[in-house]
Amino acid sequence: MSDMHAESVAFVRETALPPAVPPIAERGAVRWMRINLFSGWINTVMTLIGAFIVFWLLSGLIPWIVNGTWEGDSIRDCREILQDSGGGCFAVLRERWPQLLFGFQYPEELRWRPSLAFALLFVAVPPVLFYKLPRWMLVITAVFPFLAYWLIWGGTAISPIFAALGLVAGYLVFVRVEKRGLVAGLLAALVAVVAVWWLGGALADEFSRSLRIEAVPSRQMGGFMLNLILGVVCVSLSVPIGILLAMGRQSRLPVVKGFSIVFIEFVRGVPLITLLFVANVVLAYFLPPSTNFDLILRVIIMITMFSSAYIAEVIRGGLAALPKGQYEAADSLGLDYAQSMRLIILPQALKISIPGIVNVAVGLFKDTTLVSVISMFDLVGMIRGPILSSTAWLGVYWELWAAACVLFFTVCYGISQYSQWLERQLRTDHR
Amino acid sequence: MAMMDTNPGGMSVSDEVAIEIRKMNKWFGQFHVLRDIDLKVRRGERIVICGPSGSGKSTLIRCINALEEHQQGTIEVDGVPLSSDIKNIDKIRSEVGMCFQHFNLFPHLSVIDNLTLAPIWVRKTPKREAEETAMYFLEKVKIPDQARKFPGQLSGGQQQRVAIARSLCMKPRIMLFDEPTSALDPEMIKEVLDTMIQLAEEGMTMICVTHEMGFARQVANRVIFMDEGQIVEQNEPEEFFLRPRNERTKLFLSQILGH
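Listed in order, the protein sequences are those of chains A and B.
Residue 1 is where the first sequence starts when you use our numbering, and the numbers rise one by one after that.
Residue 1 is where the second sequence starts when you use our numbering, and the numbers rise one by one after that.
None of these hints come from the bench; they were simulated from the model.
By construction, the Cβ of each residue, glycine as well, lies at the ideal position given by its N, Cα and C atoms.
Possibly wrong hints are sitting among the right ones.
One-sided excerpt, in silico: chain A residues whose CB lies under 8 angstroms from chain B [unchecked claim]: (1) VAL191; (2) VAL216; (3) GLY325; (4) GLU328; (5) ALA329; (6) GLY334; (7) ASP336; (8) LEU343; (9) PRO347; (10) LYS351; (11) ILE354; (12) SER419; (13) GLU423; (14) GLN425.
Sequences and hints are given; from them, build the entire structure.
Spelled out as structure tokens, the structure:
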């Protein structure tokens, strides 16, 4: 066809040209690299610098992991085995792993109990996280806190059973009385809860030997288990409290609104670490000497207060982002305040707030390591205290802190991935 | 324009009073939005309210279902006085349907859920029955095939028709329309107006804030012109459009009909 002149000669194609492969510089990895890494001299220089940094990091990291040893009972053993290979002394992780997970005081023969509670967590949480699972599974979620408490702390099962029964009784009474007014319902429910708890307390004292497994006091809790307990409990408490505070801040009732604002502004204005010191030391002054107010409970209250104030502000942002028309449409259909909040406003406001709530939740989980400052032996407390100060493992910093990073990263990355999945699921605007 | 002379479709207006507003006043802070409003709406009446922007027409109909509070005077809907008593307000709201300029559908719920939500939660209708009613009204507004979609997937006109159907599912005795076509593209206005006309032909008591004068001519028994928070002129549509008496009405009509 090369001798053909389109302008002067009529042309009919008789054979179709087969599709050809593009030239080497225009396809596959070469093309990708040319566009993304070497498009212009600045990018080329940056690529080379970047490649050097990656190479430099990996040249230290890979031998550290590959040559590392898992054998030996002390840092001296490690040094003998490793010589100058640059490997890590991972033997510390093997030897101290149970301590990193459970702390150094939790009875060895009982470690299966918190492990079981941890395993059950993966049955109890999905019904909340994945709304497509059948609704009856929420029963498992409702039972789990009491079961997990019993497994981890031990003692007589009467206390957790009556704690649960108290809440059930409170709910039932509330449903009955609520028709006569919200306040009456709440008061009656409170009376029912307190009555059942009081009864349970009396029974637990009386029959403290029945349904009993060996008790483990709070001061023996430690390791990553403590971080997980604090993280799970505080996140699951602070989200509902945060929702209430956010709604309270928008309330028309001056008392509710005032309380919410003062609470949020005060708690946000105080460093968490001071609240923890208050929990640790100061509360003991205010309580009568005979009361035994559990330290973990005190810490849970403080962290929950702290993060619920943050979550309240995140949710307030979500509420403010909703057009006023949504409230008006709900009102004009005759929905009352509770219905319009539950069915219309909160589902949308919470959806908007997911990234912010997850942000607070991840931050909260990592902040549970601050309890190491008030001499509790969580994962960080264990590493800083008993492990690093033992003569066997003096100076094994990198391996231990790397392990702590990996543990926390796994959980936090999981939370983040879940939230992104949830956002995709809830997207109905089809942009 | 034969339509102008008679009540189209033989729509009947009874003597029963649906809404009665007496000496109603409302302020936004210092600003006197509604001044001495007196209005009596009989059952089956179809009223169009027009007027320049800021004249208080939207505020007036929003007062009727207590989306706005009035400070003086009385409003009675179906004989129930609109006071600060929350029970009266909820009762009136469930009897009065409202359509908004921006539809205000619930974007997180599918169309069918938008329609069944209030019947299920406010009227305590069983879910099946509520869904049957919802489908009935979706067919009436001619979009039954969109029932499982989300509002964000529909056109503006379709959304407004869903909003009308959502109000109808509560079986309201009165419908309020707050500029239902102002946010729509021109080619979608007709489908919404057709739905409203159909509703009028079935004898629904309606108050519409709208600038669709063709709709007013065809459907309304009465056109009300508001300016600066007052009812300046009201009349039957024919008289209103052909022989407006107030100077401001004349000016307004010449402006909106002038092109």
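Evaluated hints:
no.	hint	result
1	VAL191	violated, 26 angstroms
2	VAL216	violated, 45 angstroms
3	GLY325	holds, 4 angstroms
4	GLU328	holds, 5 angstroms
5	ALA329	holds, 4 angstroms
6	GLY334	holds, 3 angstroms
7	ASP336	holds, 6 angstroms
8	LEU343	holds, 6 angstroms
9	PRO347	holds, 5 angstroms
10	LYS351	holds, 7 angstroms
11	ILE354	violated, 13 angstroms
12	SER419	violated, 17 angstroms
13	GLU423	violated, 13 angstroms
14	GLN425	violated, 12 angstroms
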